[in-house]
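S.K.: Listed below are the residues making up each chain.
There are 6 protein chains.
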Amino acid sequence: MAKKIAAFGEVMMRLQVPRHELLTQAGTLHYSFSGTGVNVTSALARFGHQGYLVSTLPANAVGDAAVSYLQKLGVTQSFILRDGKYVGMYFLENGFGARPSRVTYSNRKESSFNTAPDGTYDFEEIAHKVDVVHFCGITLAMNESVRHHMKTFAKAVKENGGTVVFDCNYRPSLWGEDGYEKAKPHYEEMLELSDIVMMNEKDAMFILGMKTNKKDRQEQLKELIPVVAEKYTISVIAGTHRSINSNNTHSLQGFMLKNQTFTFSKTLSFSVYDRIGAGDAYTSGIVHGELQGFSPEKTVSYAAAAGMLAHTVAGDTPMSSENEIFQAMTESVGDVER
Amino acid sequence: MAKKIAAFGEVMMRLQVPRHELLTQAGTLHYSFSGTGVNVTSALARFGHQGYLVSTLPANAVGDAAVSYLQKLGVTQSFILRDGKYVGMYFLENGFGARPSRVTYSNRKESSFNTAPDGTYDFEEIAHKVDVVHFCGITLAMNESVRHHMKTFAKAVKENGGTVVFDCNYRPSLWGEDGYEKAKPHYEEMLELSDIVMMNEKDAMFILGMKTNKKDRQEQLKELIPVVAEKYTISVIAGTHRSINSNNTHSLQGFMLKNQTFTFSKTLSFSVYDRIGAGDAYTSGIVHGELQGFSPEKTVSYAAAAGMLAHTVAGDTPMSSENEIFQAMTESVGDVER
Amino acid sequence: MAKKIAAFGEVMMRLQVPRHELLTQAGTLHYSFSGTGVNVTSALARFGHQGYLVSTLPANAVGDAAVSYLQKLGVTQSFILRDGKYVGMYFLENGFGARPSRVTYSNRKESSFNTAPDGTYDFEEIAHKVDVVHFCGITLAMNESVRHHMKTFAKAVKENGGTVVFDCNYRPSLWGEDGYEKAKPHYEEMLELSDIVMMNEKDAMFILGMKTNKKDRQEQLKELIPVVAEKYTISVIAGTHRSINSNNTHSLQGFMLKNQTFTFSKTLSFSVYDRIGAGDAYTSGIVHGELQGFSPEKTVSYAAAAGMLAHTVAGDTPMSSENEIFQAMTESVGDVER
Amino acid sequence: MAKKIAAFGEVMMRLQVPRHELLTQAGTLHYSFSGTGVNVTSALARFGHQGYLVSTLPANAVGDAAVSYLQKLGVTQSFILRDGKYVGMYFLENGFGARPSRVTYSNRKESSFNTAPDGTYDFEEIAHKVDVVHFCGITLAMNESVRHHMKTFAKAVKENGGTVVFDCNYRPSLWGEDGYEKAKPHYEEMLELSDIVMMNEKDAMFILGMKTNKKDRQEQLKELIPVVAEKYTISVIAGTHRSINSNNTHSLQGFMLKNQTFTFSKTLSFSVYDRIGAGDAYTSGIVHGELQGFSPEKTVSYAAAAGMLAHTVAGDTPMSSENEIFQAMTESVGDVER
Amino acid sequence: MAKKIAAFGEVMMRLQVPRHELLTQAGTLHYSFSGTGVNVTSALARFGHQGYLVSTLPANAVGDAAVSYLQKLGVTQSFILRDGKYVGMYFLENGFGARPSRVTYSNRKESSFNTAPDGTYDFEEIAHKVDVVHFCGITLAMNESVRHHMKTFAKAVKENGGTVVFDCNYRPSLWGEDGYEKAKPHYEEMLELSDIVMMNEKDAMFILGMKTNKKDRQEQLKELIPVVAEKYTISVIAGTHRSINSNNTHSLQGFMLKNQTFTFSKTLSFSVYDRIGAGDAYTSGIVHGELQGFSPEKTVSYAAAAGMLAHTVAGDTPMSSENEIFQAMTESVGDVER
Amino acid sequence: MAKKIAAFGEVMMRLQVPRHELLTQAGTLHYSFSGTGVNVTSALARFGHQGYLVSTLPANAVGDAAVSYLQKLGVTQSFILRDGKYVGMYFLENGFGARPSRVTYSNRKESSFNTAPDGTYDFEEIAHKVDVVHFCGITLAMNESVRHHMKTFAKAVKENGGTVVFDCNYRPSLWGEDGYEKAKPHYEEMLELSDIVMMNEKDAMFILGMKTNKKDRQEQLKELIPVVAEKYTISVIAGTHRSINSNNTHSLQGFMLKNQTFTFSKTLSFSVYDRIGAGDAYTSGIVHGELQGFSPEKTVSYAAAAGMLAHTVAGDTPMSSENEIFQAMTESVGDVER
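Chains as they are written, first to last, in UniProt numbering: chain Y, 1 to 338; chain W, 1 to 338; chain B, 1 to 338; chain V, 1 to 338; chain R, 1 to 338; chain C, 1 to 338.
A hint or two may mislead.
[Claimed, not checked] Derived coverage of chain Y by chain V (criterion: at least 3 residues anywhere in the stretch with Cβ under 8 Å from a Cβ of chain V; other residues may be distant): (1) 20 to 34; (2) 90 to 98; (3) 101 to 114.
[Unchecked claim] Pairs of lysine-lysine residues, derived as PhoX-like cross-links and limited to a Cα-Cα distance of at most 20 Å, are as follows: (4) K109(C) - K109(V); (5) K85(W) - K109(B); (6) K109(Y) - K266(R).
[Stated by the list, open to error] Okay, the calculated beta carbon distance ranges per label pair: (7) V336(B) - E144(R): 26 to 34 Å; (8) P18(B) - K109(C): 31 to 39 Å; (9) E181(C) - N160(R): 56 to 64 Å; (10) K109(V) - A2(W): 34 to 42 Å; (11) V336(B) - E188(R): 25 to 33 Å; (12) K129(R) - E125(V): 21 to 29 Å; (13) E219(C) - A2(W): 52 to 60 Å; (14) P18(V) - G48(W): 27 to 35 Å; (15) E125(V) - A2(R): 18 to 26 Å; (16) K109(B) - K155(C): 53 to 61 Å; (17) N248(W) - K129(R): 56 to 64 Å; (18) T330(Y) - P18(B): 38 to 46 Å; (19) T330(Y) - K222(W): 26 to 34 Å.
Simulated from the structure, these hints should not be mistaken for laboratory data. No residue lacks a Cβ here, since even glycine has one placed at the ideal position from N, Cα and C.
Next up, chain Y with everything else stripped away, as it sits in the complex (with noise of 0.2 Å):
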């Protein structure tokens, strides 16, 4: 029952200083390619499905070792086109205990895939090969013309009867000043598009402006997100409540709300080696337990301990399989496995 998944996004270049040194420290950097849709893609992948990428890179050795770095990863190149001159980079510093990671971007405006033109792209024919396409709300921040590229897309899915996700995921500091309000025009646009939604109850609250006198966030998410639902008419949305414990362990809550009702997942504490791309392990589950027909619980269940496995893993995109988070939902922490 392998589907066929294709993701819209940017490849960024991940510059990741060793250890838990500082780029003023330190004289090497581990470097990587991942993005939103490259996570969920190859996540996907690696549980059983085929996974594209629709994006561009340019025609350099950057770009070549990018499509190198996706091929490792299972990401399969047909809709990958190589034009531009760049790709967006950012250096990551580890943080430890009580000093948070920090991110640094370069210039990732002028990268292939946000100067890629109009028409760059035949979304009719991908859409066609497609089973479900996959956004993600930092694409939608970049610029008027990627925002064009995404709802053709979408729009094209849709039409051709394909399942269009789309996760909120929104960055202030991509919107900048007025970002909610600039934002969410273009948020409602894609909501209306989508069939699976990954959002919690701040961006119903903040990019939707919505209201509740509630003050605890499971009521709050309990009353705004199925108003959503029915507003735009999206038969999935999905979520997790995120905490960092004293200890410096995170604790994780899924959710799901289908047809109307909420599956949560058991609350999971564990500790974290690499935060980032761990999201998208969460979504990448939700999207597989839909299209395998897993139960709302087994999904929940099955897309939390994804996420958890994915904060043990270096690197943002999750390599776990579908049986390493099966054992995961079901074991408790083991000794070696020889």
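The hints should help you fit chains W, B, V, R and C onto chain Y, whose structure is shown.
M.R.: Quick look at chains W, B, V, R and C alone, frame taken from chain Y:
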């Protein structure tokens, strides 16, 4: 009062993926050489005894590297033969938190050690030269020819008045289906030849097929182990109970049965840096305590502290001196030592 | 005019000691995955074709790492099965000047590829899907079962009108005593099935037992190779003459016999960074030239330049694009390219 | 309101074994240069002041590397002389959990700093140029000639109206047998010259030989430190109480006595990445608070947070900006900062 | 006789692939910071002068790392502003033998330096403080605003009686199509303001459009350069002729025209470790010779030796002391220096 | 015919900057332990003899690491004492082409070896147990107490009928001003006690003050060395003539005077990877040849090949087996050995 201690066993090459990466992600490996016999004899060498390994390694670059590594650990080479073609290898991927460590073996069945023909070793001569010999259940699982070496050697030492140490160390994956049935007669032969045995109640129940109505581990232990000691006339039986706590620390309690009296160490709880080989540190502590004539209380406490420290050191092989273990027995965790 | 090219062969894990250290001195290894089939198909994928590997890898962490690595190289996975237990490995210690490089093999005889049972591969189906298939003498040396796979596959491709490429690649250490005698009938079977053959006069003399009174290599070549081409009805025979100069540079001259006419490349002299796999780069150049319909002059020149560049790149696998090879054919060594 | 702050002290080379390996196991070392004076002046430079080091380094490759490293840290070189032959060195093996970190010194007694002859430094000139000078008890332990430099310098600054900071920092291993007796007169001389002193109740009891009937650390502190302040007319005495918790986190509470009034920071608990040099971060926080005219509450809170953050950063030398420290004072541990 | 030398130019981050690997193959990068201005001022600082960089860097982690790196090199920070968002970057893949090194740029056009608005720098103040200022043709290629800064600064220095050094350094890829036409007027403006110019006959022919019937490089040089010196009233014109030998060594001959008299260095031949930045070492040698009043013979010889040594050192930035260059001028290659 | 060979000498820690970087540029060091005595005894151990080191190392982490390292090299520990405080260290920066390698020493004068008091070693006992003892001129330069040890040991071996080997190895920097005058009487004492001496004509002229009118090195050698042999009744005098070629290769010719007859090896030319310690490889070749009763021709050829190979291996210590040296004596540079 330094003694001469030989161990009979395979030398394996450990190929460890750096940090917490997967083999799929990394590009380099750290390598070292180890094995139960290596770990026990080098630990005892570090305590002031002379440790010999009785084994076979190929006469090629890998064998040379293994020999150099053992020399570095202080293991005496006199009884290591250079023949055959291969060294057994295993890959180690370090887990993190909710993700367990993973070991993948290469084909050790064709290793120099496991293919050494009859008559390879002059066990009579070695038995004359050493005071103690150490064997382990992993070696017993290899093949008929290795088992034959092992029993011949044990008998030779026994006849020469030496002490035979046997660590049950049953590995299900090595014995395959109906493993316990296959293993039982070989284990019984070894137990009859042994003076000091490392085992716990699980070995009694699963390998020797003993029954008990008790549910609690410690009660099972207290019922079964004295029976084993009597039946096979074993002077000392020792072992540990280990558990993994929810915060990823491990807890360890050592025990020892001598003159039909049990002695237990305190339960130690500690963070784990490198799990592999820690059991061998415990064994070497018990053997050292017996050789030095420590009281049972001191012996189990020493062995448990040796086991705990082995979890804090990189690699399979214990690296602590007698002094460092004494310190760990008495002091709380300290600040930097200058 | 991209073609589909399959190769049948083992994937090996290369474990390379860093810099110019010995295995006895170092503590880390760089690892990668390669093999003649891997090298040839990934080189041809880099030239714009689709490269498939027909092979078997275990379903464990080492197999996963191998598959990821091949994906990174652009090799298509569709015909790689996951079965058996092991991956063949070799250690590489880089020489320096007067000290030659040294390769030490692990036991590859029990690898997934070499133990794959009859009926493992659906050669008929594959033969329908590909235009060219590549085999190599190393595979022929493995065992009877592998040879049976190989010949069955070659016949299937031949019958389906595909092109069979065979690289003689005789390795004395793999055939053992009286190796040439044992090898001859198998080589002859393969030669009869082949359209493009990589070999030189030494293969004719030693494997096929042909005689010549000539003393000079090139004269031997010119006498013997046309006889081989005629006897086994081979369209193209190509190969190289290599020598090591006193200043540690290597010299390489490529040749090709087609329509009973010899074409020779210029003799190229160059510094060597990584010797292993350079022959496969030459092979892929010859195959590419034939597939693209290059003139014989262009083909040998292209293949020789591809071989030269492969000596300047880390790892077994050629990494040069068609464009970089064209540049190396025409230009002198250049300054930094900005 | 940037000030000019000089420190008088030795620059040492830190040779750190990577990860948690022992010197016996590893083959590489990370090196850096530090010292109490280096740490304090570079921290103050990072807070916006100008930091000078008054020291001597050899005119060779090691001295060059030290100077480059200090420049990188932002320490001004004007008062560093190049003479003598050696740099003091120490090896650091990182502990893990139950295993403490271990420091092994090379022979620093013959270092350029410790053998600099009388008349090496023009203290009069320096005293005219700087506002504050920092000394430390480690320097006081070196030898008579260094002590003479130190006291001469302190007097010159005092006479020029500058502020003298003295960190007691008594190291038993440096003073040897009857150390407290030997040290007392030198400490008293320094205390009489000092305006800001880093010490706690243990220094009062052990170095100054003061008596108390109190058992509790904080009560001892409250009884003894005001007496010290009065006796030696010291404006500010500050220090910390540190404890190591069973889960390997550390707890730290800062205090400051000013105008005979004690101010205490909250007790901070945190995970430790690099213990060494954290005391110097606390000192630099106190000095900065005093120079900036912070309230005592803000000063101790700032100093304690600076100390805490220094435990989370690689190397001896504090790397946090004023802003990062303010953040750590007010916020709980955060998620990734993008 | 130390002078104050400023350079105006961009600081770039160099991201170098280790060893001779490709970006597609490796997983780590070595990083450093450089630029023509950085290289020249730090080289002159190493010769005993005070070197200032006039530039702009962002106030983020990358900017901090750049500043620390420049401090390490001994460049004085006083005229470096912290504004804008980005640092220009380039990736360097080291070639080997027949395979040239390859540089891939990130989008530097949006760097802090290239987007610094008018009025950013107080050139009047700087011009008062420095003796010499250095500019380079790469900076001239950036954009109109940067060119405006550059010319304003040159005029200010000229008017204050300082010395203007200009290195033509024409990079075709930066000027694009019809680059020479676009560049000519800007170059002419700079030449009119300059006292010391780095260029050779190619710059005269291609940028300035001068004609000659001579075929030989040296004859072209001797015909054209004196005309340039006269036309633009330049005191000193210096440069090099470089060639790459078949054994991968490089040959370099320096020249200098002063008072209409040519002086040539010996032609030096040498192995190359790191090609980038070697031209800046030559420039710094010429400037140092002029500042110190060396004879023309000594100056070109010093500059050529400085250039040669810069090829033997890692990184863009020259690291040799005056003493090491004098040694290289007079001695043959030596054995280990102990 | 394995012999027991002791060497008396210091163990030093080598701290090598990676690749070709300067200490100012890098952040990591590779460390190992060596010394003339270490190099010679471990080389002879590799040739099948038993090698003992007579030395003193501190009982701390650095001493432990040194001992482990020597064990790894196959040096027997029985005569290594653990006392004193320090290990001598040196930093090595690898040169490249025109830039020579550079060694910077730490203060070895206070090392455990150099401060070992009278009566530390039981030379009588050792002399009874060994066949050969090796000394070196570096040790002779240390201090009066070390010289006293050395001469006492040499006499004890001589009286017990053992063979005394002495390598002149005069290091000007260790003897200081008027070094030759100071050194001469000590060298003469050692020469009178020695059977095999490593030296060449320069030692005769400079240390012993001998005169010659010859200009050519080889003629000087032929005139002076036989006089030395006769005067001090030395059985074998051997040494090398080395030169550095313009292409950075080195040339080496070995010689040996025995029974007043000179034997010369071929002049070998080769690329150099690690220069340090290559002289000790030559020495060990001469000693091995004499112990095995090789003909003088075979001995010098073996020693020269051993010296050549030592230049191709990382670290100070020769790593070649007897077999590898025989291969290098007879064969030209080979391709990869599989």
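S.K.: A separate judgement is required for each hint: does it hold in the structure or not?
M.R.: Against the structure, the hints:
1. With 5 residues carrying a beta carbon less than 8 Å from a beta carbon of chain V, the region 20 to 34 of chain Y meets the three-residue requirement, and the given coverage holds.
2. Given a C-beta distance limit of less than 8 Å, the hint that chain V covers the region 90 to 98 of chain Y holds, as 4 residues qualify and 3 suffice.
3. Coverage of the region 101 to 114 of chain Y by chain V holds. Counting CB-CB distances below 8 Å, 4 residues qualify, and the rule asks for three or more.
4. This hinted pair checks out: K109(C) and K109(V) have alpha carbons roughly 12 Å apart, not beyond 20 Å.
5. A C-alpha spacing of about 12 Å is found between K85(W) and K109(B), which places the hinted pair at or below 20 Å, so the restraint holds.
6. For a cut-off of 20 Å, the pair hint linking K109(Y) to K266(R) is broken: about 50 Å separates their Cα positions.
7. Checked against the hint of 26 to 34 Å, the C-beta distance between V336(B) and E144(R) comes to roughly 28 Å, which is consistent with it.
8. Between P18(B) and K109(C) the Cβ separation comes to about 35 Å, which falls inside the hinted range of 31 to 39 Å.
9. At roughly 60 Å, the beta-carbon separation of E181(C) and N160(R) lies within the given 56 to 64 Å, and the hint holds.
10. Separated by about 36 Å at the C-beta atoms, K109(V) and A2(W) satisfy the suggested range of 34 to 42 Å.
11. Checking the proposed 25 to 33 Å range against V336(B) and E188(R) shows it holds: the Cβ atoms sit about 28 Å from each other.
12. The given range of 21 to 29 Å is respected by K129(R) and E125(V), whose C-beta atoms sit roughly 23 Å from each other.
13. The hinted range of 52 to 60 Å is satisfied by E219(C) and A2(W), whose Cβ atoms lie roughly 59 Å apart.
14. Against the hinted window of 27 to 35 Å, the Cβ-Cβ separation of P18(V) and G48(W) comes to about 29 Å, which satisfies the hint.
15. Separated by about 19 Å at the C-beta atoms, E125(V) and A2(R) satisfy the suggested range of 18 to 26 Å.
16. One distance hint, 53 to 61 Å for the beta-carbon pair K109(B) and K155(C), holds here, with the actual separation near 60 Å.
17. A C-beta distance of roughly 59 Å is found between N248(W) and K129(R), which places it inside the suggested range of 56 to 64 Å.
18. Evaluation of the 38 to 46 Å hint for T330(Y) and P18(B) yields a pass: the beta carbon distance comes to about 41 Å.
19. Checked against the hint of 26 to 34 Å, the C-beta distance between T330(Y) and K222(W) comes to roughly 32 Å, which is consistent with it.
The structure is inconsistent with hint 6 alone, although it conforms to all the rest.
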